[in-house]
Structures are given as C-alpha cells and as structure tokens.
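**Student:** Top to bottom, those sequences are chains A and B. First residue of the first sequence? That's 81 in my numbering, and the numbers climb one at a time after it. First residue of the second sequence? That's 81 in my numbering, and the numbers climb one at a time after it.
One or more hints might be untrue.
It does not matter which identical chain is meant; a pair holds if it fits inside one copy or across any two.
[As the list claims (entries may be wrong)] List time: in silico PhoX-like cross-link candidates among lysine-lysine, alpha-carbon distance up to 25 Å:
#, residue 1, residue 2
1, Lys-433, Lys-269
2, Lys-246, Lys-301
3, Lys-97, Lys-405
4, Lys-476, Lys-171
5, Lys-247, Lys-369
6, Lys-468, Lys-402
7, Lys-267, Lys-433
8, Lys-369, Lys-301
9, Lys-369, Lys-215
10, Lys-475, Lys-171
11, Lys-240, Lys-409
12, Lys-369, Lys-240
13, Lys-373, Lys-295
14, Lys-246, Lys-369
It is worth saying that the hints were derived from the structure and are not from the lab.
Number of protein chains: 2
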Amino acid sequence: MHRFNYQRSNLYAEGIKVENIIKQFGTPLYIYSANTILDHFFKLKHAFKVLNPLICFSMKSNSSLAIIRLLVKSGSGIDVVSGGELYKAIKAGCPGVKIVYAGVGKREDEIETAIKAGILFFNVESVPELEKINKIAKRCKKIQSVCIRLNPDVDAKTHKYITTGKKETKFGLPYKVAKSIFKNKSKYKNVKIEGIHLHIGSQIVRLDPFLKAIKVALELKKEVDFEYLNIGGGLGIIYKNEKPLLPDQYAREIEKLLKGSKVKLILEPGRFIVGNAGILVTRVVYFKKGINKNFAITDGGMNLLLRPALYEAYHEINLVKKKNKPKVKMDIVGPVCESSDFLGQDRILPVPKEGEALAVFGAGAYGSAMASVYNGHPLCAEVLVNEKEVYLVKKKENYRDLIQNDLIPDFLR
Amino acid sequence: MHRFNYQRSNLYAEGIKVENIIKQFGTPLYIYSANTILDHFFKLKHAFKVLNPLICFSMKSNSSLAIIRLLVKSGSGIDVVSGGELYKAIKAGCPGVKIVYAGVGKREDEIETAIKAGILFFNVESVPELEKINKIAKRCKKIQSVCIRLNPDVDAKTHKYITTGKKETKFGLPYKVAKSIFKNKSKYKNVKIEGIHLHIGSQIVRLDPFLKAIKVALELKKEVDFEYLNIGGGLGIIYKNEKPLLPDQYAREIEKLLKGSKVKLILEPGRFIVGNAGILVTRVVYFKKGINKNFAITDGGMNLLLRPALYEAYHEINLVKKKNKPKVKMDIVGPVCESSDFLGQDRILPVPKEGEALAVFGAGAYGSAMASVYNGHPLCAEVLVNEKEVYLVKKKENYRDLIQNDLIPDFLR
Chain A
81 MHRFNYQRSN LYAEGIKVEN IIKQFGTPLY IYSANTILDH FFKLKHAFKV LNPLICFSMK
141 SNSSLAIIRL LVKSGSGIDV VSGGELYKAI KAGCPGVKIV YAGVGKREDE IETAIKAGIL
201 FFNVESVPEL EKINKIAKRC KKIQSVCIRL NPDVDAKTHK YITTGKKETK FGLPYKVAKS
261 IFKNKSKYKN VKIEGIHLHI GSQIVRLDPF LKAIKVALEL KKEVDFEYLN IGGGLGIIYK
321 NEKPLLPDQY AREIEKLLKG SKVKLILEPG RFIVGNAGIL VTRVVYFKKG INKNFAITDG
381 GMNLLLRPAL YEAYHEINLV KKKNKPKVKM DIVGPVCESS DFLGQDRILP VPKEGEALAV
441 FGAGAYGSAM ASVYNGHPLC AEVLVNEKEV YLVKKKENYR DLIQNDLIPD FLR
Chain B
81 MHRFNYQRSN LYAEGIKVEN IIKQFGTPLY IYSANTILDH FFKLKHAFKV LNPLICFSMK
141 SNSSLAIIRL LVKSGSGIDV VSGGELYKAI KAGCPGVKIV YAGVGKREDE IETAIKAGIL
201 FFNVESVPEL EKINKIAKRC KKIQSVCIRL NPDVDAKTHK YITTGKKETK FGLPYKVAKS
261 IFKNKSKYKN VKIEGIHLHI GSQIVRLDPF LKAIKVALEL KKEVDFEYLN IGGGLGIIYK
321 NEKPLLPDQY AREIEKLLKG SKVKLILEPG RFIVGNAGIL VTRVVYFKKG INKNFAITDG
381 GMNLLLRPAL YEAYHEINLV KKKNKPKVKM DIVGPVCESS DFLGQDRILP VPKEGEALAV
441 FGAGAYGSAM ASVYNGHPLC AEVLVNEKEV YLVKKKENYR DLIQNDLIPD FLR
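Only chain A is shown next, with the shape it has when bound in the complex (with noise of 0.2 Å):
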C-alpha cells in the first residue's frame, strides 16, 4: 500500500496535490511519502513480532538522510556497505548496535572507522575480509562481532544483475568455507563468529528461494552452533503485475522453520521499505512524433533513474492530472543523449502538453541512490511529505556544484 493515490482525476501524495508540491519544488522531483515508509516499516515489525527480529533498512536502497532518520527514529537499525554510508547513518543518528555492515570490498579504513563506531555485526564476505577485521580489532584493543555471510547457492529467480546468492557470484562464503570458519573460531582472536548471514538477491517473488537459503543455514546450525541469522533483504515489490509475498505469509514460514532454533533475527529490507514510497516527476519538455513512434520528451531521464536502462526495469507512469483526452502509444524518455535513455516504452496515455507532468511510480528504491550528473544535468530536489506537510529533505544541485572539485593546472591558464 502507498500513499500516491488519485482523487478525481489529481495525484496526491498522502494529503496534498502533487501538482502543488511541484509548483513549489519545481522538476525533476523526487517526492517520498513519510507515511508510506513507515507503513511497511511497521507492518514487517509487526508480521515478525514473534520473532522479535532488528530490522536493518537496508540504506543503499534510497540514502536520503531524512528517510535514514525517519526509519532510525522508528527503531530501524541500518544496513550499510561502505564507510560513506556508515557515515551517513551515524549522521542520521542510527546508533552503533543496530548498524550491520555488508560488502565485499571493505577497505582497511572503513573496517576501521565502523569498530571504533561500535557497529553490531560485519557481514564477512571473505577469509581475507575475517582476517583483516580481526587484525584491524586487535589493534583498536577490542573484540568485534561478525556473522558469516553464507552463499545457499539459491537462485532467487530475478533480474541476473540483482541475484547475489548464486555460487558464480562474487558474495558469501561456501558452506564448507563457512563451516570451517565456526570450527576454527579460536583462530580469530579478535573476532566473535556470532551468525550467519543471508542475502540471495533483490525484487524476489517467490517463497521457495528464501526457504531454501535458510534450511541451508539451518543445516549448518547442526553442525556449528551460532547465535543469529541475518536473513538479508530481497522481498520483491509491485511494479506492475507482480504477486509479491506479504509480510505476514514471508514470516509465517519463516517462523515454521526457525521454530525452536533459538536464533536472533536480522532483517534488511530495502526496496520493501521505500521502494513504493517514492514517486520521480518529471516535466514534458517536447512530444515528438517520431517516424514511427511518439516520443514523450521529460526533463528526468536515466541520469535520475538508471532501473530502466540497467535492469530493464517496469515502472508505472501517468500524468499527475489525469485528462480525457484520446490515448496514443509512446516512450518516455529523458533528456540525455543515449537511446538507453527512457523511463517507459509503448506507454498509451493521453498526448501531453509541453510542461505537463508525468509521475513515474515506485521510484522510491535504487532512484535516487543510483542518479549521477552524466550530460550535465545537475541532481534534483527531493521532498518529503507527511500528511498535509512537505520538506525539502535534498537541495537541488546548481551547475556551481558541477566543478565544486574540478581544478585547472596552472599550465592551462
């Protein structure tokens, strides 16, 4: 469930006209809905209320330090994959125990930093990795907690780019290499093996995926005891005609099989979060009529959302004021200088008029996280609205911004 809805034929977001909030904010706009984030917050909270898991909001999903703030004011815990978002959520005031730390490349200085910030748990991705934290607590004087990120050889049935827990990809550890880590715990002094970690993918549909991974942690508990079981994010969303597990049927199965397991939870849900919480809107800059095909031209394109052009990736669009008007097939494409550049492809909507507005749903999730500046085009604002109330929560980037850090030698004066 999210809060943009239309009533009559106007766009809403939560209590207030969309067209409104651009008025004010102009476009592109990223627009989050507050209450929509929290919505399916709770709702996983609430499904898993048994099991009493910390749920870690997954910030690489959408890393805009208000909605950081917003989860971490709600008792989410972080999940971070680099020392950049470790900063932010630290900045979002996410304390240090309910911030879990993935990746597979986690640089000597970040190890470093999230010790000293005290985080719960590095998800260890490699021997190498385990040996570095332990090397890097002995010299910060402290014994750090880890789990071992488990590759189940599961295929989470998505996009190839979003599956993670297949044994050709480069996350997690094989069940063997794993095993023997538990079994030889005294070797990292520094170190407290304390779990194991999960993660097969992202935009997952299906049950049999995530089962899977677990019983295949659950086999390694008989063999090596540990403590917690980091499930990971992954559950999938509606974009268009997907029939995404609800929380509640994810969590009864999951229960069913951690029954007398004695494990603490961890979840990281990311796009479940915030993946429907945001819209993008992007302004008709031209409709052209191509030789055989029409072209709604926008100014946000792949340079603010890359999911289409990347992953292919489905998002519903539609005017903010709906009109009736004789609908025709088009794409809707941005700005930039690309043929991967579109946000929808044979889209049938009413013709729009120069400086009508499109919103592109569910841009909520790896939108803004992914946007860059490619053709010059500065990043856009973003808002957050909670009820009849917006926030500007991202300034908009000036072209000043674009050559913030650029320098010309002397020698080109």
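Please arrange chain B on chain A, whose structure you already have, making use of the hints.
**Tutor:** Okay, now just chain B, sitting in the frame of chain A:
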C-alpha cells in the same frame, strides 16, 4: 595511439610511473594523458585539413573541466547537450561561437542562456523545439542560427543503447520533415536555418554507416540549400580487438563525398579524443576464491565505471606493476553490492595481492562522466599527466560532500 605503456614491468602514464602517481593521489583514480588527448585532436584536425572543419569536442564523453580547457586552448570547440554542459564549456573558456548544442530535451531556460551566450548553433531535434527557439530568440531580440538534426534511418551497427540514427530512436527529424522545415524557413523569423546535423551513434567501426548518412544529407541538399554540415561524432576506438577507421581514411572518403558541395564541415568527436586517453586505477582489496570462480575485488567498480554493467562493454585490465607469476582466471569486480558490478570477466592474470593496483584501460570516455555515488562511495580524484608532470584536476569527494545537499526536517529532529 595512447601514452599508457609498460617500461619493463611498470606502467607509465606519459613520462611518469603510475605507481608513483597513485602513491601521491591514492586509488581509485582516473588518470588522463594530456598528450594523448592532443595527439588525437590534432590527428583528426590534420586528416581533415582540406575540409578545415570546426571540431567540437563532445563533452558528454568526458566533462572534466581541465580536459575541456586543454582542448579549448588547442582550438577545439565544444559540443554540449545541456545547460550544465554549456555552463562548464563557458567556464573552460570556450567562446560561444565555438559551441554547438544538441539534445532532444532542451528546456526553455537552457535555450535562453545559450542564445544569450551567443552559441554557434542549436542542433534542433524536433519541430516544437524549433518553434521554442524561435519564440525565445524573438524575446531576446536575436536571430539564432540552427542546424536541423536529420535522422537518416541508418543502422550504425553498434550497441543498441548507443545507436541514434535509426528511425525508432528519439533523435533527429525524418527526411521529409527536415525538408519541409527548410522549405518553410520564412515562418521562423528569429531563426536562421543554416545546416544539417547528423549523429548516428557511438563507437562505430565501419565506414558505410557514416557514408550512408552523409549521402542522405547530400540528397537533401539537392532539394534545399544549406551551408553547414555537422556530421557528428561516433568514431570507434580500440577497446579489445576492434579495427576502427583511421582518421585519414575517414577524412578521404568524406572529402570525396563532399567534393564540390561547398559545405562548411563540423565534427563532434568525443570517445575518439579521450577514450584511450584515460585509465581507471583501482587497488585490489581482496582476492577471493569463490565456489567456482575467482574474484579480484577492487576499490572502484560500477560506481566509477558503468560501461561494463550498462553496455556489457569490454575494457583491458592489467596490473600496474606486472609480475612473473602463474596466471589464473578471475573476474575483476568492484565493491558495490550488485552482481552487475564488474569491471572485467574471465580475465587471465597473475593472482593479485591485496593493495596491488590494476589499470582499467580505455576509461577516458563515458567513465567519470557516468559515475555516481551509489552505495555511498564518494567520487574519486582525477589527475592529468603532461609528460613528467601530474596535476590534480578533480579533488576526491569526501563523506561530507555526500550529504551537502541533505536536509533533515524539524519533525524528525
């Protein structure tokens, strides 16, 4: 020809050891060779000396201010595709009369700024855009020169994402429409329609698509007269074993075609100038033996170089300091939490140690230009080498930069 060569086992950027450069500036790091850039620019200029074209560097391929400045100082014009790029071209000292402005989504504010800056041409992509330019020029009391971008419906035989001259793409205008615009010139009182613009795609290694497109333009010239012919960019380079066109070969064929036509020629090279003039240097953070794959995990990935993920593009990768060790097959992958985050797959290299640096070649075009801070990794530094001197031309972003535009609303404090 580029200036990144091994002397014994050490990689040099022009006259400097790359190892010394990264000791000073760290990794990940983009390193550009000034003299490779100039060599390519002058090679093209020389090849075309009979036709004496205006060469406008396509800055979407690389928008480092120092590189633009280097080319502008050498007499290059600039091809821009947004208000942001226009701003940077001007900051780099490019005179308006050497700026051409393309792109399907030019906004009103961008057009006005460009008119006021006295740019040479807009490359017009649609009739509504032409009308808009006319309207704004009138308001500014100016006569603005334009070229009409002709969509010649030619297949450039390159990746579908960088094909731009087929009728299914959003770019340019069909022959008939272009012709009727010239026939009805007088309708546009504040616009001077002076030429035809062609740009059929990028990384094109065959001659025939170029010639076919130019022939379509010359066909049109028999029916309506124009003075300028802008044949765009698109010249392919060597990433792996491509056999691209030589500038001389390209120029001779175009000379033949244009004989007697008296058009003034414009070129818009991007990749040809900078593609092989830049490398991305990234250090190995871990070498990981996967279940049935090996991974060299580096400190820079798709966040800094998106081409492998987006276009399945190939880049040569080698150790900055070669070594005589047994070679194994491995994927070179970045630190980003996606399976799409790879720089190279199935490469045969000596097993790199932690901290050893890899050079990703051919990273000068569409490298830093498409970079993002996805997964919270700040943008990296960039340096320009000129013989035995190295200059910092882009400062590395810091963590604070990641949140410089973020705001936390009062209700979340």
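**Student:** Determine for every hint whether it applies to the structure shown.
**Tutor:** Hint check:
no., hint, verdict
1, Lys-433 / Lys-269, "between (67 Å within a copy, 24 Å between copies)"
2, Lys-246 / Lys-301, "within (20 Å within a copy, 58 Å between copies)"
3, Lys-97 / Lys-405, "within (21 Å within a copy, 65 Å between copies)"
4, Lys-476 / Lys-171, "both (20 Å within a copy, 21 Å between copies)"
5, Lys-247 / Lys-369, "between (47 Å within a copy, 11 Å between copies)"
6, Lys-468 / Lys-402, "within (21 Å within a copy, 62 Å between copies)"
7, Lys-267 / Lys-433, "between (68 Å within a copy, 22 Å between copies)"
8, Lys-369 / Lys-301, "between (62 Å within a copy, 23 Å between copies)"
9, Lys-369 / Lys-215, "between (63 Å within a copy, 20 Å between copies)"
10, Lys-475 / Lys-171, "both (17 Å within a copy, 23 Å between copies)"
11, Lys-240 / Lys-409, "between (29 Å within a copy, 21 Å between copies)"
12, Lys-369 / Lys-240, "between (35 Å within a copy, 21 Å between copies)"
13, Lys-373 / Lys-295, "between (50 Å within a copy, 24 Å between copies)"
14, Lys-246 / Lys-369, "between (45 Å within a copy, 14 Å between copies)"
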